[in-house]
Amino acid sequence: MAPPRLSKKRKDVAESDESDDGLAGTALEGVLSDDEDNDSGSESDPNSDDFNDPDDDDVGNDFDATSISSADDDESKPNYKVVKDANGNERYEYAEIDPVYDSDDSDANEKGNTIGNIPLSFYDSYPHIGYDINGKKIMRPATGDALDALLETIEIPKGWTGLTDPQTGKPLELTREQLELLRRLQTSQIPEENYDPYPDLIPYFTSIEEKMPLSSAPEPKRRFLPSKHEAKRVAKLVRAIKEGRILPYKPPEEREREKGEEEEVHYDIWANEEAQERHIMNIPAPKLAPPGYDLSYNPPPEYLPTQEEKEAWEKMDPEEREKEYLPAKFDALRKVPGYGEFVKERFERSLDLYLAPRVRKNRLNIDPNSLLPKLPSPEELKPFPTVCQAIFKGHEGRVRTVSFSPDGEWIASGGDDGTVRVWSLNGHQEWVARISTEEPVQVVRWRPNKDTFILAAVAGEDIFFAVPPLVSGALEKASRDVIDLGFGHATNGAVPTTADGAKKEPPAKWSRPGSKLEAAGVLLKATVRSAIKTLSWHRRGDFLCTVSPTGQRSSVAVHTLSKHLSQIPFRRLPGLAQAAHFHPSRPYFFVATQRMIRCYDLQRQELVKILQPGARWISGFDVHPGGDNLIVGSYDRRLLWHDLDLSTRPYKTMRFHTEAVRAVRYHRALPLFADASDDGSLQIFHGKVVSDLMENATIVPVKMLRGHKIVSKLGVLDVDWHPRHPWCISAGADGTCRLWA
Amino acid sequence: MPRIKKKGQAGAAKNYVTRNQAIRKLQITLPDFRKLCIWKGIYPREPRSKKKVSKSSTNSTTFYYAKDIQYLLHEPLLLKFRDQKSLEKKISKALGRGDVTDAARLESNAARPEKTGKPRYTLDHVIRERYPTFIDALRDLDDCLSMLFLFANLPSTSSVPAKMIARCERLTLEFQHYLIASHSLTKSFLSIKGIYYQANIKGEDVLWLVPYKFNQRIVGDIDFRIMGTFVEFYMTLLSFVNFRLYTSLGLKYPPKFDQLKDENAAELGAFTLEGMTLVNDEPQKQIEDHKPDPKVQAAVNKVLKQIDSKAANGDGAGDAVEVEGEESNDTIDKFEPAAPGGDILPQPSNLGGSQGSLFSNCTFYLSRETPRQPLEFILKAFGCKRVGWDAVLGDGAFTTNELDPAITHQIVDRPPVQNAVEAETEGDDNQTSQKLGANNRVPGRVYLQPQWVWDSVNDGELKEPHLYAPGTSLPPHLSPFVKAMPGAYDPTMPLEEQEPEREALEAEDDDEEVTAEGMDIAEDDDAEDDDAENDDFEGVSEDEEEEVDGSDDDAERQRELEAELAGSSVKSKSISKKAKAKEDKLKALSKKSREDAEELERAKGMLSKKKRKLYEQMIYTNTKKNAADEKLRAKRRRLEKEGKRAKA
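Residue numbers (full-length UniProt numbering), protein chains in the order written: chain Y, 1 to 741; chain R, 1 to 648.
Don't take every hint at face value.
Below, in silico cross-link-like pairs of lysine-lysine (DSBU-like), each with a Cα-Cα straight-line distance of 35 Å or less [what the hints assert, rightly or not]: (1) Lys609(Y) <-> Lys611(R); (2) Lys591(R) <-> Lys393(Y); (3) Lys609(Y) <-> Lys604(R); (4) Lys688(Y) <-> Lys592(R); (5) Lys361(Y) <-> Lys624(R); (6) Lys242(Y) <-> Lys163(R); (7) Lys713(Y) <-> Lys604(R); (8) Lys613(R) <-> Lys287(Y); (9) Lys533(Y) <-> Lys609(Y).
Covered by chain Y, according to a simulated footprint, are these stretches of chain R (three or more residues, beta-carbon under 8 Å) [to be verified]: (10) 222-231; (11) 363-372.
Because the hints were derived from the structure by calculation, they are not lab data.
For glycine and all other residues, C-beta sits at the position ideal for the given N, C-alpha and C.
With the hints as constraints, model all of the structure from the sequences given.
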């Protein structure tokens, strides 16, 4: 606290001393302190001041005390006066603030001009040059007259600079020291003249080694043995340098250049080549096809596309185009443009090389005709029917069925009009009987014995047996006898009963058909439970079987003509029965369901074989007269030949028809068979079966017979062969029968 | 009871893996897997039953062989890929820290072939694995060459570094130098896509395509990373192949490369082949791996002697150099089968011998507008030692002086200007002027269009120059790669030799229609009616037809006679005998085809389903081919007719 107080006191003193002097206080103070220093350095009795100091302090203390008390007084009474202003209001007039040392306004110049940073020239027209801190005008100092100015120019006063102090408006004068200071600052030297920026180093510790050690500890080993650890590290570095892992430093661009320059090594990679067998699954990439003629820049003119072809090509999607380019002709090589798709094609090729799965495809480079079987010429296989010999017209609506009589003289037919007709071979209708009014005649079949002349016909649920009055009396008599033979049995026959003793309904009722029909020659009627679809005679003519697909349990029935007896051989059948036939020589019975043909032994009452033709829906089948082969027609347009000894699967499958196969039939004597289809055609085959077991049957298609018209999607509905001659008769949906010879 | 087998534990399911499974097993990314597959030549397979193979319910599209993938597991390149991956991670980590200098240091270690064109790994072992023998490598060279020749012509972009392009260019030029030195180029073809070349190297035919020197248009989304991977592999392959080929000729590889000349677009001229055997050309033929049999060798020597003497003659005679093909074919025996039935073996060919010296005593000058690079290459490959060209076409020419008296052939590709009269007068004092006028000709040399070179090369003889003179319309340029198939259309043969009988007859019919208009219309109609009747033979008029078919031969003849009689009675006055005969022929043909069709129908029904399908497929493709051929024939017939009419 002492020095500020001191200075304050001194200031006070100075103020009191030189209050009306124009010099700045600070400069004074510096001068004063300088003086003091000088005093302390030069004066002979420096202690006098020291001695004075405590006194001063005391005095100061006193002063302080008084000042404090005065301050206390000040607090009690206000430090302002109340005066009246021009308007008569109260106005507080404060006493002038004495900026003591510890006031905020430390660097305020008491006598400074307060106009701030504006040019002095603004005041040129005024007698004053600004205002001091108290708002008093600072009057312009009197300028000398011209003579004074002249004198001033002649003798330059000491410290003259030619500048005007903006603060005071007086000429600015600078001392020599000040000028020197400015010069040093301008030349960026240290302002203080005697400052030494690089003093000599004063060593604090001596660098001279002492003769005697300060410590008596023995010298450690590491001082005189080389470091193992360092040796290791050095060895590591040496190794790295030797191996080229550490390279001497080079600027990066130089290193880059060297790297570019270093050549790849060339050597013969196949120096010791040995051929390796490729893995069997390895498929080498296929090569691209070599260019053809149309790729030429100057192709033969026929390879150039026409206008339409060009347009079609351009219209097509690029993916779908057969060729990715259009042949073009240029009359000079210089006119050939660059190929736009080149990069794309290369890219696609590389995609193919690594993305496309490779599959080995066996390309058969053979003549397709070598695949076709060598068939014997039809000329060698004659005779077979080739032309339509006669057309039998008379039926109204479809003709559903036809049959050759056993002697081959007569043809029976039945159709949608409910009539059974018998024709002679020349196309003349000989006999007609309407056996049903609403139901169509489904089947007509002659009894296969030559000693009788009996025709079985089916309409709805009824089987009719007729003896057309066309033959000699003896034959007719024999036929009537055969039919009538069973009446005795029917009356005498024991009626089967069920387990609970109730009378069981017989499978069929045998009766006379009525006098009208009897007069026409229809002599017997048997009525089964449901509508019959097919009928087939046993070769002896005593048994016949009927199939009624809707008949559930009783769908297949076997009838005995001599006893007027009907039996149902199967308790139940898997699937819907479609057709049934007797074996031509052995006591076997074939039943076709939709998918399979079952062969039963009638004597032993057991299933012998199941044939699987593979057809979706069997339409009909026929047994070869030899008994070992079978042909099956199916609604899915196939004709299948089964060899019973060979397999349960078909031996041959033939597809010649575009529509369903309706009927199939073997010739009884000749190696021929035929099928009838909904596409209005009949296909005649030569099918030779040899007795040798080692040899398979030869089947050759020989003729396609066309002629029947297709009526409401139905073509030929039935076919039958002449017993001896290579003639066949077909029943068409167009209401005609045709005899082919 | 045996243990129940689980699905996917045995059989086909074990043999195949999907792509994703493979990637997971190898622990690499998809792009790396792609690279590996490209380099190692691993491709997807098509399993016989996809359902059996796929373990998941979704149907995956690509399957690889499990064995293939297992084999990839031991690939040293996999390690490199992993190193690369970890380095990338380090760099990204450093960048994440903001430590740029560290990242830069790591970056400088990274192998970035796409930037520097130089990977840190080599594909040498892959080459050796994929091609155990040199011949294997040659067999697979087609794609390699096509790709590298394309890349040699590409501009450098960010994805295709300039260094890669430079290397491709160098390798391809080195390969061309081998072909020139060994005379193994056999054929070449100017197509609209580019120029096809075929070379026979060590008995292997290599075919590749070089684009024309234009800026390549890059269309669609083309991934240059994939192409780059291929190119990287192919570059390694071709450098090894080049080395082997050069050393087999006794040449040093790599050949000396003159940077300055290359900068002046010398291309082929920038390389100088060095080797002990280059001083004389002949001995290098003996170095080749397969020794020619002594007989052929003797023949070749004889031919060579001939050529030498001829060349000497040519030098003596000065400018009058005869232009003709060497006839040396008589020295090689032709093996023709004496009896039919034996297999046809490839005939000994006289390639190598005269082929390589086709242009050996010609001096060529290429005009400014001709494509210099392919011409220079093909001429040199066929024995021409002196090819000069205009100075604007680049460095390395034998001469750039168009008036050099040594020049025997000049290739020009510009139309002649119509003041040819002055050319003669100016031709005399052309010794003084360096450049010739637009239409001036130097006497004593043959002016030809570029196609002459290609046609000569493909036919193995110098073609008639007058066909290829400047300004004339050129004969068609035919592909030498098409092998004549029996029955296929061949533009080189006259039309009459290759059209089937029926077509010829119909064509003649048309001809007559043209020649004798008006009169023949009735007859033609009649014929058509007949045809129509024949066509719907299976229709309404069934009965009569059946009768005809069924009846005996004499009946048939009878009917024909009747028809003939009827025909003659109708048009007895106008129709000549010739026309009648033709009509008969046509009728007979149609009848025969009808019978054939019936026979075919019979036979087809007896086929099993499998065979029938196969047969139908074959018939389908055959008819398609035949239809295309027929179209070509029809077009040619029309064009010929038009030509004839224009002449008349």
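Taking only the CA atoms, is the gap from lysine 361(Y) to lysine 624(R) under or equal to 35 Å? holds (20 Å)
Is it true that the CA of lysine 609(Y) sits at most 35 Å from the CA of lysine 604(R)? Holds: lysine 609(Y) and lysine 604(R) sit about 31 Å apart, inside 35 Å.
Quickly compare the C-alpha distance for lysine 613(R) and lysine 287(Y) to 35 Å and report which way the hint goes. This hinted pair holds, its Cα atoms lying about 28 Å apart.
Just to be careful, I want the Cα atoms of lysine 533(Y) and lysine 609(Y) compared with a cutoff of 35 Å; is the pair within it? holds (24 Å)
Would you check chain Y against the stretch 363-372 of chain R, counting CB to CB pairs closer than 8 Å, and say if three or more residues qualify? With 3 residues close enough to chain Y, the hint holds.
Would the pair lysine 713(Y) and lysine 604(R) pass a check requiring their Cα atoms to be no farther apart than 35 Å? With a Cα-Cα distance of about 25 Å, the restraint between lysine 713(Y) and lysine 604(R) holds, given a limit of 35 Å.
Check whether three or more residues of the stretch 222-231 of chain R sit with their beta carbon closer than 8 Å to a beta carbon of chain Y. holds (count 5)
Would you check the hint for lysine 591(R) and lysine 393(Y), treating anything up to 35 Å between C-alpha atoms as holding? holds (33 Å)
If you draw a straight line from the CA of lysine 688(Y) to the CA of lysine 592(R), is it 35 Å or shorter? holds (29 Å)
Given hint lysine 611(R) paired with lysine 609(Y) - CA-CA distance at most 35 Å: Measuring from Cα to Cα gives roughly 30 Å; hence the hint holds.
Between the alpha carbons of lysine 242(Y) and lysine 163(R), is the straight-line distance 35 Å or under? holds (32 Å)
Violated hints: none; the structure is consistent with every hint.
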